[in-house]
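Enquirer: Based on the hints, put chain Z in the right spot on chain D.
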Amino acid sequence: MSTTEREEPSALTLDEDPQLPQSTRRGNTRRRDKVIQVVGPIVILAIVLVAWHLAIVIFDVSQFVVPSPSDTLNALWHGLVVDGTYWPELWYTLRNSLLGLLFGGLIGIIFGTLLAASPMAERLLHPFLVGFQTFPKVAIVPILTVWFGFGATPKVIVAAILAFFPLMVNTYTGMLSVLRTEYELMHSLRASKMQIFFKLKLPRAVPSILAGLELAIVYSLLGAVTAEFLGGSDGLGHLSQVRASVLDTPTVFAILVIFGALGSALYEIVSLIRRRFGYWQ
Amino acid sequence: MINLGSDMNTSAAPEGPGLRDTVLEAKHVSQRYALRGGDELLALSNVELSIKQGQFVSLVGPSGCGKTTLLKLFSGLLQPSEGEIRFNGEVVKQPSRAIGMVFQQAVLFPWRTVLHNVMLPAEVVGLDRKESRDRAEELLELVGLKGFGSKLPSELSGGMQQRVAIARAFMHEPSVLLMDEPFGALDAFTRETLNDSLLDIWERFHKTVVFVTHSIEEAVYLSDVVVMMGPRPGRIIDIVDIDLPRRRSEATRDDKRFVEYGRDLRRLLNH
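Those protein sequence lines, which keep their order, are chains D and Z. Just so we're aligned, residue 1 is where the first sequence starts under my numbering, counting upward by one. Just so we're aligned, residue 1 is where the second sequence starts under my numbering, counting upward by one.
These are calculated hints, taken from the structure and not from any lab test. Take the hints with a grain of salt, since some may be wrong.
As the list claims (entries may be wrong) - Only pairs whose alpha carbons sit at most 20 Å apart, straight line, appear in this in silico DMTMM-like list of lysine to aspartate or glutamate: (1) Z:K93 <-> D:D248; (2) Z:K130 <-> Z:E173; (3) Z:K256 <-> Z:D243; (4) D:K193 <-> Z:E123; (5) Z:K27 <-> Z:D39; (6) Z:K146 <-> Z:D134.
Claimed, not checked - To give a feel for the contact side, a few chain D residues facing chain Z, derived at Cβ under 7 Å: (7) S118; (8) A121; (9) S177; (10) T181; (11) L185; (12) S188; (13) L189; (14) R190; (15) E214; (16) W280.
To be verified - A short, non-exhaustive set of chain Z residues, derived as facing chain D with CB atoms under 10 Å: (17) L42; (18) G76; (19) F103; (20) L115; (21) R168; (22) H172; (23) S175; (24) W202; (25) F258.
For every residue, glycine included, the Cβ atom is placed at its ideal position computed from N, Cα and C.
The following block holds chain D by itself, in its conformation from the complex (with noise of 0.2 Å):
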């Protein structure tokens, strides 16, 4: 916000854009960064995937053991464009983390709000949240599955608890990071309380809310994918446990890149978000 140090505009230079031009030279080396951006981790990968074939190559490690990168790559190939095995399963993960993070997300915003919003519920639950804040929430499928059986519901449930405590956190401090004096400038216009939350404390918390956002999409993903290996029929997870258990690590491997793909895009996706709501930050 110092920004005192830029001049004052004269009666000459008002309809000028503050911002100066980028220099020529400077746009330069923009490019070049920009170049290094995009292939300096393709270059990376393929010294990674050369020695990562080099080696077992070398040390004549068992394909049960450790894949080669050709082997994950058919693997790849023949779950996703031959017989497509892996898009039933890709659609049930996601969409039970997905799910989770709608329902969890939502409730934890609620929660947030209300946190933020009431000193007293603050003080009621603040020793219950920490505590289930550091319970390892995952020790609960067992029970869930005893409640819910092997289907979705327990898998959703979980991602949903993952799910709601980084948006619970980010929505409460984003909201308490109004200043006083915001409050005072509302106050001083008499706005009332739903003034004050739509056009004042939930415009200042989306930039905590989308951070917690990004945090919990990844944990959602995380807690569908668990539960999925603590019980169940369906799912990714599920399938590369029975693909492990048969060694079968082609398939093992090929899941773990559709596992790293979809968390990268699920994180562009809400980072794409982040830029579009959170573009004043």
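Expert: Relative to the frame of chain D, chain Z by itself:
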């Protein structure tokens, strides 16, 4: 030479048809804050002040003289420990939409564009959107920010941000404007430019202004009346009418009386 201590403004005026032009009044106002350890701080002691319609009044004094506290009391954001604040004859119990505020920081919402920051009071009060948009653009032009409406506050300098805050304060046409050291954080040059912008817009709308500052020169330059305040306990030392011609400008600063007012007011403070 200068009539210090004019009682005209301090007289505790009873309500009556003859004195209707008094807009804001502080009657026997004291303000205490509880300190840790059970002690009390007397932030304001028995303040008597009445401000008339259309006047530009400055509250001046060193830190701890209670000038910001007095402004907060006028705004209704704070209630006095003793005495009462009256606005148009009514005891002030809560903020009023007829009283606008400008703070030391611009307090612009960083997620809103400049134009939408100016329009905020209209939205809160519920004015017609189209009309308030036109008015906001007109106000931005008046404070010298034509064409900056679509910028974000972070793209503006501190002085420009404070200009936006002034435009915003005029948005819903309050009859009184309370300004709490609005230019305190700005450099001297920016400050003088903004003083003139403020006077321009004030002369156009002729609102009553209560302006808090710690600069005696700024107070004399802007005001019809300067209220000199002192610390421990916060109190009014004197109330001085500034008899300088209106439409103040650079020439005002060269006026012999301008210099004398500054000197006399400073002397008051040291006693």
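Enquirer: Kindly indicate which numbered hints from before are broken by the structure, ordering the numbers from low to high.
Expert: 1, 5, 7, 8, 9, 15, 17, 20, 23, 24 and 25
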